[in-house]
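Peer 1: The primary structure of each chain is shown beneath.
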Amino acid sequence: MSDASRNKGPHDIGGEEAGPVDTIDHGMKFWERQANGLRSVLRERDLVRTDELRRAAEDLGEQYSKLEYFERTTSALRTVLLEKNLITEDELKSKMAEVRARFNVPDEMESPLKKGARR
Amino acid sequence: MSNPSFDYYAQQKHGHAHEHDHARDQHAAIETREGPPSEYEIMSRAMQELLEEKDLITADQVRQKMERFEEELPYRGSKVVARAWTDREFKQRLLEDGKAACAEMGIDLEADRLIAVENTPAVHNVIVCTLCSCYPRSLLGMPPTWYKSSNYRSRVVFEPRAVLKEFGTELAEDVTVRVHDSNADMRYLVIPMRPEGTDGWSEEQLSEILTRDTLVGVTTPGVPRK
Amino acid sequence: MTSASPPVAKPRYPSTYNPAPGHRFNVGDRIAIRRTFPPGHRRTPFYIRGKQGVIERICGAFANPEELAYGFDGEPKKVLYRVRFLQKHVWPDYNGPQHDTIDMEIFEHWLEPLPDTRN
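Residue numbers (the numbering used here), protein chains in the order written: chain B, 1 to 119; chain U, 1001 to 1226; chain W, 2001 to 2119.
Isolated chain B (complex conformation) (with noise of 0.2 Å):
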């Protein structure tokens, strides 16, 4: 019996054989600190429940070990805001491309990155 045809999630993984622990800290970029802050005021604010959060990630199937651990968090906050109708795809689209746009400022000006983290 296949590990898929007993229901066990990509997220259930005690037990499973693996390679050495880097047991280095590597810290968090900015936007990944920001990225827990946001799902910080989302849960106080009861707008996101922590385990709807679990659930959408571990649905993530297959992409699930391919992506990073805020990868993997970002991805599920989308399923859930857009399950609750909090944002919509449209949205999300036009925003996403928005702020890819800003990011493509050239150098000589000042960083929109820095400008974006003040706000």
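Think of the hints as simulated: they come from the structure by calculation, not from any bench.
Please note that a few of the clues may not be correct.
To be verified - Derived DMTMM-like pairs (lysine to aspartate or glutamate); straight-line CA-CA distance at most 25 Å:
(1) U:1079 <-> U:1055
(2) B:93 <-> U:1055
(3) B:8 <-> W:2112
(4) B:66 <-> B:46
(5) U:1148 <-> B:44
(6) B:84 <-> U:1049
(7) U:1148 <-> U:1199
To be verified - Label-pair restraints from in silico Cβ distances:
(8) U:1110 <-> B:98: 30 to 40 Å
(9) U:1193 <-> W:2076: 20 to 30 Å
(10) U:1086 <-> B:83: 42 to 52 Å
Owing to the predicted nature of the structure, the values given are computational and were not obtained by experimental measurement.
Using N, Cα and C, we set each Cβ at its ideal position, and we do this for glycine too.
Fit chains U and W to the supplied structure of chain B, relying on the hints for placement.
Peer 2: Here is chains U and W on its own, set in the frame of chain B:
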């Protein structure tokens, strides 16, 4: 004695807070200028901005959380355990009801429910969340990258001694290694054994050697040589 | 006779634990984790299904994460227990000392009683 591994927060404690934030912002800006931000970074920022525009959250709320996670939360765990080391009755209360004992110290764990587990000459505790990354964030801040890694999550439950060895921690055969998989509503903090050579130390001095890694149980506290 | 002034109330601190009305199991009970592999969000790791352990602590009744994950309110609450397992009972090839243990939290509906054996 085990080697202390890199402790992200321990470094920051000794730097000037603002300089460090600035350094991180610069670092983040430099990282982005070297290449385009990932789709996920863009997605995360876009979601935040949309939610702000809809007046569901504010940028200030997110910023305050970020500050709290960086500047306040990570240092609370070591304070609690330092007190437990110096006050036997407090330690008992901490072991009986972690959340109440922290509240007694004025530390509000908010959503976290704490179970403190004590290392003794007979038992060594180590914490993991195999299913995701549950961690006592209200006492230790954000989990280190190794705690969230699939290699740690999958292996520490079935070969804890081998994993501990990778952190430089070796335990005698007659010590019971007790793994805690924090898979539901409880969160865990290890009370390490207090090392020799710390007699008469203040709580502040003691909290300095109670690094994050010792409170998760992958290392044991060391006394720096004078 | 009038009573003296009422005693000063001790401060009530929030507890780690919740009440567990009607809890089925007690500390020291030998139990097995149900050997079942249902789909959906579960907080009972795959590796512990079907294994035998002992109730170490009653944590109290909590909203069911299996329901919360899908936007339901998780009521009625289910009693959560800390269960201790000998590693040698979890992993057939466990290569550490026989007295090593692993503890985790399991909801009541995942537990089955075992006959109590006395040496």
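Peer 1: Against each hint, give a clear statement of whether it holds in the structure.
Peer 2: Tested hints:
1. At roughly 37 Å between alpha-carbon atoms, residue 1079 (chain U) and residue 1055 (chain U) are farther apart than 25 Å, so this suggested pair is violated.
2. For the given pair, residue 93 (chain B) sits about 19 Å from residue 1055 (chain U) by alpha-carbon distance, which is consistent with the 25 Å threshold.
3. The suggested pairing of residue 8 (chain B) with residue 2112 (chain W) holds, with an alpha-carbon distance near 21 Å, which does not exceed 25 Å.
4. Taking the CA atoms of residue 66 (chain B) and residue 46 (chain B), the gap is about 29 Å. The hint is violated against a cut of 25 Å.
5. Annotation: proposed proximity of residue 1148 (chain U) to residue 44 (chain B) holds, straight-line Cα distance about 22 Å (limit 25 Å).
6. Of the pairs offered as hints, the one joining residue 84 (chain B) and residue 1049 (chain U) holds, with about 17 Å between alpha carbons and a cut-off of 25 Å not exceeded.
7. Between the alpha carbons of residue 1148 (chain U) and residue 1199 (chain U) the distance comes to roughly 35 Å, so the proposed pair goes past 25 Å and is violated.
8. Checking the proposed 30 to 40 Å range against residue 1110 (chain U) and residue 98 (chain B) shows it holds: the Cβ atoms sit about 34 Å from each other.
9. Roughly 42 Å separates the CB atoms of residue 1193 (chain U) and residue 2076 (chain W), a value that falls outside the hinted 20 to 30 Å.
10. Take residue 1086 (chain U) and residue 83 (chain B): their Cβ atoms lie about 49 Å apart, and the range 42 to 52 Å holds.
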